[in-house]
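Enquirer: Going by full-length UniProt numbering, the sequence shown opens with residue 1, and the numbers climb by one from there.
A portion of the hints provided could be inaccurate.
DSSO-like mimics (lysine-lysine), calculated; alpha carbons at most 30 Å apart, straight line [said to hold, decoys possible]:
| hint | residue 1 | residue 2 |
| --- | --- | --- |
| 1 | 38 | 118 |
| 2 | 134 | 58 |
| 3 | 89 | 58 |
| 4 | 118 | 89 |
| 5 | 58 | 38 |
| 6 | 38 | 86 |
| 7 | 171 | 187 |
| 8 | 62 | 38 |
| 9 | 144 | 134 |
| 10 | 134 | 86 |
| 11 | 86 | 62 |
| 12 | 86 | 144 |
| 13 | 144 | 187 |
| 14 | 89 | 38 |
| 15 | 89 | 62 |
| 16 | 171 | 58 |
| 17 | 58 | 86 |
| 18 | 171 | 144 |
| 19 | 139 | 187 |
| 20 | 118 | 134 |
| 21 | 139 | 86 |
| 22 | 171 | 139 |
| 23 | 171 | 134 |
| 24 | 144 | 38 |
Per label pair, the in silico range of CB-to-CB distance [to be verified]:
| hint | residue 1 | residue 2 | range |
| --- | --- | --- | --- |
| 25 | 178 | 103 | 15 to 21 Å |
| 26 | 186 | 100 | 31 to 37 Å |
| 27 | 24 | 192 | 16 to 22 Å |
Derived by calculation from the structure, the hints in this document are not laboratory data.
Glycine is no exception: its CB is placed at the ideal position from the N, C-alpha and C atoms.
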Amino acid sequence: LFLYDLFHPLYLKLYIEEVSVEVGATVSIPCLYEPSHKNLVKYLCNGWAWSSCSVEIKTNSKCSPPEGLYTISDDPDQGVFTVTIKSQKEGTQTYWCAVEMGFWTPDAKTYFQLLGSKGEYSINISFVSKIHGKPGWCKLGHCKEPQDGFIEGSQYSIDTSKQGVFVVTMKDLDMESSGWYIFFQGKLNMPIHLTVAVNSKTTNTSTFKNVIMFKLCLCHEQLCQ
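Turn these sequences into a full structure, and let the hints steer you where they fit.
Expert: What follows is the structure, encoded as C-alpha coordinates:
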(Lines of atoms letter the chains of each structure in order from A; the text may use other names.)
(Lines give C-alpha, C1' and ligand atoms only; values in the text may rest on other atoms or scores of the structure.)
Protein backbone atom coordinates (compact mmCIF):
# COMPACT_ATOMS: atom_id res chain seq x y z
CA LEU A 1 0.00 0.00 0.00
CA PHE A 2 1.44 3.32 -1.04
CA LEU A 3 -0.25 6.49 0.13
CA TYR A 4 0.78 9.66 -1.65
CA ASP A 5 0.27 13.23 -0.52
CA LEU A 6 -1.64 15.23 -3.12
CA PHE A 7 1.11 17.81 -3.46
CA HIS A 8 4.24 16.06 -2.25
CA PRO A 9 5.10 12.44 -3.16
CA LEU A 10 5.97 11.48 0.41
CA TYR A 11 4.89 8.03 1.44
CA LEU A 12 5.49 5.10 3.74
CA LYS A 13 5.34 1.46 2.72
CA LEU A 14 2.74 -0.65 4.46
CA TYR A 15 1.44 -3.95 3.14
CA ILE A 16 -1.18 -4.28 5.86
CA GLU A 17 -4.59 -2.81 5.10
CA GLU A 18 -6.74 -4.49 7.74
CA VAL A 19 -5.88 -6.44 10.89
CA SER A 20 -8.41 -8.22 13.11
CA VAL A 21 -7.75 -8.60 16.82
CA GLU A 22 -9.71 -9.78 19.83
CA VAL A 23 -10.80 -6.99 22.17
CA GLY A 24 -8.30 -6.74 25.03
CA ALA A 25 -5.48 -8.33 23.02
CA THR A 26 -2.50 -6.59 21.44
CA VAL A 27 -1.18 -6.54 17.89
CA SER A 28 2.12 -5.29 16.42
CA ILE A 29 2.23 -3.47 13.08
CA PRO A 30 5.49 -2.89 11.14
CA CYS A 31 5.76 0.39 9.18
CA LEU A 32 8.51 0.71 6.57
CA TYR A 33 10.14 4.01 5.65
CA GLU A 34 12.70 5.41 3.25
CA PRO A 35 16.43 5.54 4.19
CA SER A 36 16.22 9.35 4.20
CA HIS A 37 13.74 9.09 7.10
CA LYS A 38 16.21 7.19 9.28
CA ASN A 39 16.85 9.93 11.84
CA LEU A 40 13.38 11.48 11.85
CA VAL A 41 10.66 11.15 14.49
CA LYS A 42 8.05 8.46 13.84
CA TYR A 43 4.59 8.35 15.38
CA LEU A 44 1.16 6.70 15.47
CA CYS A 45 -2.02 8.70 14.85
CA ASN A 46 -5.58 7.54 15.55
CA GLY A 47 -8.56 8.77 13.54
CA TRP A 48 -10.52 8.24 10.33
CA ALA A 49 -9.31 11.50 8.75
CA TRP A 50 -5.62 12.38 8.66
CA SER A 51 -6.36 16.09 9.19
CA SER A 52 -8.06 15.41 12.54
CA CYS A 53 -6.36 12.28 13.86
CA SER A 54 -4.97 12.19 17.40
CA VAL A 55 -1.29 11.45 17.96
CA GLU A 56 -1.08 8.52 20.39
CA ILE A 57 2.67 7.97 20.71
CA LYS A 58 5.98 9.13 19.20
CA THR A 59 9.45 7.64 19.13
CA ASN A 60 10.64 10.65 21.14
CA SER A 61 7.76 10.54 23.65
CA LYS A 62 8.89 11.12 27.22
CA CYS A 63 5.78 9.56 28.74
CA SER A 64 4.19 6.21 27.93
CA PRO A 65 0.43 5.91 27.33
CA PRO A 66 -1.52 4.48 30.30
CA GLU A 67 -2.12 0.74 30.71
CA GLY A 68 0.19 -0.16 27.86
CA LEU A 69 -2.31 0.91 25.20
CA TYR A 70 0.45 1.82 22.75
CA THR A 71 4.17 1.23 22.32
CA ILE A 72 6.52 2.24 19.53
CA SER A 73 10.05 1.20 18.60
CA ASP A 74 12.33 2.11 15.70
CA ASP A 75 14.88 -0.06 13.91
CA PRO A 76 16.82 2.35 11.65
CA ASP A 77 19.06 -0.42 10.30
CA GLN A 78 16.04 -2.27 8.92
CA GLY A 79 14.14 0.88 7.95
CA VAL A 80 11.06 -0.07 9.94
CA PHE A 81 9.32 1.19 13.06
CA THR A 82 6.87 -1.00 14.94
CA VAL A 83 3.74 0.09 16.78
CA THR A 84 1.92 -2.12 19.27
CA ILE A 85 -1.75 -1.46 19.92
CA LYS A 86 -4.03 -2.90 22.60
CA SER A 87 -7.53 -3.30 21.19
CA GLN A 88 -9.99 -1.49 23.47
CA LYS A 89 -13.40 -1.89 21.84
CA GLU A 90 -15.37 -3.60 19.11
CA GLY A 91 -15.56 -2.07 15.67
CA THR A 92 -13.13 -0.62 13.16
CA GLN A 93 -10.55 2.04 14.00
CA THR A 94 -8.25 3.78 11.54
CA TYR A 95 -4.60 4.32 12.47
CA TRP A 96 -1.81 6.13 10.66
CA CYS A 97 1.91 5.35 10.66
CA ALA A 98 3.69 8.64 10.09
CA VAL A 99 7.09 10.36 9.96
CA GLU A 100 7.68 13.99 10.95
CA MET A 101 9.29 15.68 7.94
CA GLY A 102 9.65 19.22 9.34
CA PHE A 103 10.42 22.48 7.56
CA TRP A 104 6.83 22.99 6.36
CA THR A 105 6.93 19.67 4.51
CA PRO A 106 3.81 17.48 4.93
CA ASP A 107 4.49 14.41 7.04
CA ALA A 108 4.89 11.08 5.26
CA LYS A 109 2.10 8.74 6.27
CA THR A 110 -0.04 5.71 5.46
CA TYR A 111 -2.97 4.10 7.18
CA PHE A 112 -4.36 0.73 8.26
CA GLN A 113 -7.59 -0.39 9.89
CA LEU A 114 -7.85 -2.33 13.15
CA LEU A 115 -10.99 -4.42 13.63
CA GLY A 116 -11.76 -5.25 17.25
CA SER A 117 -14.11 -8.19 17.71
CA LYS A 118 -15.68 -10.36 20.40
CA GLY A 119 -17.07 -12.75 17.81
CA GLU A 120 -17.14 -16.52 17.95
CA TYR A 121 -14.20 -16.89 15.58
CA SER A 122 -10.72 -16.60 17.07
CA ILE A 123 -7.17 -17.10 15.85
CA ASN A 124 -4.54 -18.18 18.33
CA ILE A 125 -2.17 -15.24 17.84
CA SER A 126 -4.74 -12.66 18.93
CA PHE A 127 -6.28 -12.07 15.50
CA VAL A 128 -10.01 -12.57 15.02
CA SER A 129 -11.77 -12.72 11.65
CA LYS A 130 -13.93 -14.67 9.25
CA ILE A 131 -11.43 -15.68 6.58
CA HIS A 132 -12.14 -16.17 2.89
CA GLY A 133 -9.81 -16.59 -0.06
CA LYS A 134 -6.53 -18.33 -0.85
CA PRO A 135 -3.90 -18.09 1.94
CA GLY A 136 -0.44 -16.69 1.26
CA TRP A 137 2.89 -16.01 3.01
CA CYS A 138 5.48 -13.35 2.23
CA LYS A 139 8.33 -11.38 3.76
CA LEU A 140 7.68 -7.69 4.28
CA GLY A 141 9.19 -5.78 1.39
CA HIS A 142 8.79 -8.73 -0.99
CA CYS A 143 5.01 -9.19 -0.93
CA LYS A 144 4.59 -7.98 -4.50
CA GLU A 145 6.80 -10.77 -5.83
CA PRO A 146 5.33 -14.04 -7.22
CA GLN A 147 4.35 -16.57 -4.55
CA ASP A 148 6.46 -19.51 -5.77
CA GLY A 149 7.23 -21.27 -2.49
CA PHE A 150 10.58 -19.56 -1.91
CA ILE A 151 11.55 -16.38 -0.05
CA GLU A 152 15.17 -15.25 -0.42
CA GLY A 153 16.33 -18.86 -0.79
CA SER A 154 14.23 -20.24 2.08
CA GLN A 155 11.51 -22.69 1.15
CA TYR A 156 8.06 -22.40 2.66
CA SER A 157 4.75 -24.25 2.44
CA ILE A 158 1.22 -23.72 3.76
CA ASP A 159 -0.71 -26.78 4.94
CA THR A 160 -4.48 -26.26 4.63
CA SER A 161 -5.49 -29.91 5.00
CA LYS A 162 -7.41 -29.26 8.23
CA GLN A 163 -10.32 -26.86 7.88
CA GLY A 164 -9.69 -23.54 9.60
CA VAL A 165 -6.08 -24.41 10.53
CA PHE A 166 -3.11 -23.10 8.56
CA VAL A 167 0.41 -24.40 9.22
CA VAL A 168 3.23 -22.39 7.63
CA THR A 169 6.53 -24.27 7.44
CA MET A 170 9.87 -22.65 6.57
CA LYS A 171 13.07 -24.57 5.74
CA ASP A 172 16.74 -23.76 5.07
CA LEU A 173 16.78 -20.58 7.13
CA ASP A 174 19.82 -18.37 7.57
CA MET A 175 20.53 -15.12 9.40
CA GLU A 176 19.04 -13.10 6.54
CA SER A 177 15.71 -14.87 7.10
CA SER A 178 15.03 -12.75 10.20
CA GLY A 179 12.41 -10.05 9.81
CA TRP A 180 8.70 -9.37 9.46
CA TYR A 181 6.49 -11.82 7.58
CA ILE A 182 2.85 -11.52 6.58
CA PHE A 183 0.27 -14.30 6.50
CA PHE A 184 -2.62 -13.12 4.34
CA GLN A 185 -5.97 -14.42 3.21
CA GLY A 186 -8.52 -12.14 1.63
CA LYS A 187 -8.40 -8.84 3.53
CA LEU A 188 -6.85 -10.44 6.60
CA ASN A 189 -3.16 -9.67 7.17
CA MET A 190 -1.27 -11.11 10.15
CA PRO A 191 2.25 -9.74 10.80
CA ILE A 192 4.69 -12.15 12.46
CA HIS A 193 8.29 -11.37 13.39
CA LEU A 194 10.87 -14.13 12.98
CA THR A 195 14.32 -13.97 14.55
CA VAL A 196 16.93 -16.54 13.51
CA ALA A 197 19.52 -16.92 16.28
CA VAL A 198 22.96 -18.50 16.07
CA ASN A 199 23.45 -21.66 18.11
CA SER A 200 26.77 -21.30 19.91
CA LYS A 201 27.27 -25.10 19.69
CA THR A 202 26.86 -25.12 15.91
CA THR A 203 30.07 -24.84 13.92
CA ASN A 204 28.45 -24.13 10.57
CA THR A 205 26.36 -20.99 11.01
CA SER A 206 25.89 -20.18 7.34
CA THR A 207 22.75 -22.30 6.93
CA PHE A 208 20.16 -23.56 9.40
CA LYS A 209 18.52 -26.87 8.47
CA ASN A 210 15.98 -26.80 11.27
CA VAL A 211 12.35 -26.26 10.36
CA ILE A 212 10.23 -23.39 11.68
CA MET A 213 6.46 -23.91 11.80
CA PHE A 214 3.72 -21.37 12.49
CA LYS A 215 0.27 -22.71 13.36
CA LEU A 216 -2.49 -20.22 12.55
CA CYS A 217 -5.88 -21.41 13.76
CA LEU A 218 -9.43 -20.39 12.96
CA CYS A 219 -12.00 -22.30 14.99
CA HIS A 220 -15.74 -22.02 15.43
CA GLU A 221 -17.01 -21.34 18.97
CA GLN A 222 -13.82 -22.61 20.63
CA LEU A 223 -10.11 -21.96 20.70
CA CYS A 224 -7.77 -24.13 18.68
CA GLN A 225 -5.95 -26.86 20.55
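Enquirer: Which of the listed hints are broken here?
Expert: Failing hints, ascending: 1, 2, 14, 16 and 25.
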